[in-house]
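S.K.: Given chain U, work out where chain D should sit, using these hints.
Listed in order, the protein sequences are those of chains U and D. Following the working numbering, the numbering of the first sequence begins with 1 at its first residue and continues without gaps. Following the working numbering, the numbering of the second sequence begins with 1 at its first residue and continues without gaps.
A few of these clues could be false.
[Stated by the list, open to error] Counterexamples of contact, computed for chain D against chain U with all Cβ distances above 10 Å:
no., residue
1, Pro70
2, Tyr157
3, Ala279
[Unchecked claim] Just a sample of chain U residues kept apart from chain D, beta carbon distances all over 12 Å, derived:
no., residue
4, Gly103
5, Ala134
6, Ala142
7, Arg144
8, Arg145
9, Arg146
[Stated by the list, open to error] If you want a taste of the chain D side facing chain U, the calculated C-beta under 7 Å gives, among others:
no., residue
10, Pro111
11, His156
12, Trp158
13, Thr265
It should be emphasised that the hints constitute simulated quantities derived from the structure, not laboratory data. Note that this is a predicted model, so its numbers are computed, not measured. From the three backbone atoms N, C-alpha and C, an ideal C-beta is built for every residue, glycine too.
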Amino acid sequence: MSATDLPDTTSRRGLLVGLALGLPIVAFGVRGVLVDAARTHPAELSGWIVGSAVATDLLVVPGAVAVGAVAHRFTPRSWWPTVSAALMVSGALILVGWPFVRGYGRDPANPSLLPRDYAAGLALAVAAAWVVAAAVLAARWAARRRR
Amino acid sequence: MPVVRSGGPSVTGVAPAAPTGRGPTRGEPDELRTTRTAAWLGAALGVAFGVCFATGVWSHIAQDPPSWYPPRPAGLYRITQGLHVITGTAAIPLLVAKLWVVHRHLFAWPPVSSGLHAVERLALLPLVGGATFQLLSGTANVARWYPWGFFFPRAHYWVAWITIGALVVHVGAKAAATRDALRPAWRVAPVAARNDHAPPPATGPVPRTVAGATDRRAFLAGVATASGALVVATAGGTVSPLARVSVLAQRRPGFGPQGLPVNKTAVGARVVEAARDPAYRLVVDGAVRRPLSLSVADLLARPQRRATLPIACVEGWSASAEWAGVPVRDLLASAGVRDGAGVTVESLQPSGLYRASEVTPRQVADADTLLAVTVGGEALALDHGYPVRLIGPNRPGVAQTKWVHRLVVR
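Chain U on its own, in the form it takes in the complex (with noise of 0.2 Å):
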């Protein structure tokens, strides 16, 4: 085989052992859903594994980098790690906490799940980010300032 038939990064004989290592596993796991239909529903689960992996492709990662683009784009330089460490823990608390804004699991009857209002939860997280962002860089600065 030429050398360029694997990346860079991929060891054949890692590959070939983990095909041998791995694909038995996978099988025994395509075989629970399908044995388990009545409960797995295999053509909506299927449906479901390839469209969570076309959503973060296309649309979640997509959308992290058009955002730290343009953020980046307007940010000075030294301050980038912190803004974007803000980001980073911004969208993952979006992320996360966005079935809990909505409610959808909320249940009249059961009180006990689901108690707090997420919406103003969510809204003082973020706010604590940027809080702790603006305080790191005002350190900083008040830092250099005094060298």
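M.R.: Relative to the frame of chain U, chain D by itself:
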């Protein structure tokens, strides 16, 4: 700025022509998309998915326990399941960051360079699809959001095997490059060179430029901060000191009837009438010498045992309480059952997958496996399983059957 290459990034972490801290390209996102960044994130994800898989399979075993499943330590399941949910949540920023770092390879041209490469890339579909689905469905389950028709626990369980199998393939393919990328540059011979048993380049190992190192560390620190923030924001249902700041937690410790959160309500289980019926009797039958039929008063007249045990839900929250009632093994002794018997505990619930649960002989033998009639010294609230519920050490919450009306001895 490095251009998009189809062959993957160089093993030493940056494109050979990458600038060394010169001018405006420094610190731009593309410079972070290196093998070294991918390697750190990949290693962290490998650990996270390993922990989730192990604790997840453990949880699956605990739901329908085999004879060897240990009843002690009593709080083990709350720890393994808390870890499962916390680790999965922390993995979300890691996975998004990892996919961002390698994103350009998705559209590499030509898409494959050999048959084996096609197989490698094909195996990324169950890996990326499975991993994203696991994190999405797990998070949705914690939010009790079910925008699908399949049964979440089974789908999540079987897809875990598919994902972990695809991860084994990926780890096999990338382990050498990951190890190299996490190692100092002077000890590295490129994987591609080893593939072809070619001597290392005559110029010696390519020195890793240091330009990206500060930015990479800042990027990885940002990702880690996002993971940490998610954990703090969600873990308060099981790590109670975090409860005040866990603004996205599914539960609030101490909030619910008798200070305990409720999973299934009596209304939801359609047991309200049957549970309040004065004619209620707890029946012990099956492989017994003397079948029993006991009223609540009969149960309260028996020696009561107290035990402080947690309810530990698969969704990650847990809460401890002091329960009191009759040990299952005492009831079986009264029914003339030999030692070593197991029991199926049935609820008044007319239907539902969790209307019955299995108690293994080892769990029966544990005196703290109780048919509880009180919690915190009060009769159980209807939503906590009035008149009688099962509570036992190291059992998942769904197997702490409520509104118990029958024990079938096996």
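S.K.: With reference to the structure, classify each hint as holding or not holding.
M.R.: Here is what the structure says about each hint:
Residue-level check passed: Pro70 (chain D) sits 25 Å from the nearest beta carbon of chain U, beyond 10 Å. Tyr157 (chain D), annotated as away from the interface, has a beta carbon of chain U within 10 Å; the closest lies near 7 Å. Remark: the non-interface label on Ala279 (chain D) is consistent with the geometry, its nearest Cβ contact in chain U lying 25 Å away (cut-off 10 Å). The Cβ of Gly103 (chain U) does not lie farther than 12 Å from every Cβ of chain D; its closest approach is about 9 Å, which violates its non-interface assignment.
Distance check on Ala134 (chain U): its Cβ is at least 15 Å (rounded) from any Cβ of chain D, clearing the 12 Å threshold; non-interface status holds. No Cβ of chain D comes within 12 Å of the Cβ of Ala142 (chain U); the nearest lies about 20 Å off, and the non-interface call holds. The beta carbon of Arg144 (chain U) sits about 17 Å from the closest Cβ of chain D, which is more than 12 Å, so the claim that it is off the interface holds. For Arg145 (chain U), the requirement that its beta carbon stay farther than 12 Å from each beta carbon of chain D is met, with the minimum near 22 Å.
At roughly 22 Å from the closest C-beta of chain D, the C-beta of Arg146 (chain U) stays outside 12 Å, upholding its exclusion from the interface. Contact between Pro111 (chain D) and chain U, as hinted, is not supported at the beta carbon level, the nearest pair being about 12 Å apart and thus beyond 7 Å. Interface hint at His156 (chain D): violated, since its Cβ lies 10 Å from the closest Cβ of chain U, which is beyond the 7 Å cut-off. With its C-beta approaching chain U no nearer than about 4 Å, Trp158 (chain D) sits inside the 7 Å limit, and its interface hint holds.
With a cut of 7 Å, the hint placing Thr265 (chain D) at the interface with chain U holds, because the nearest CB-to-CB distance is about 5 Å.
In summary, the structure is inconsistent with hints 2, 4, 10, 11 from the numbered list given earlier, while agreeing with the others.
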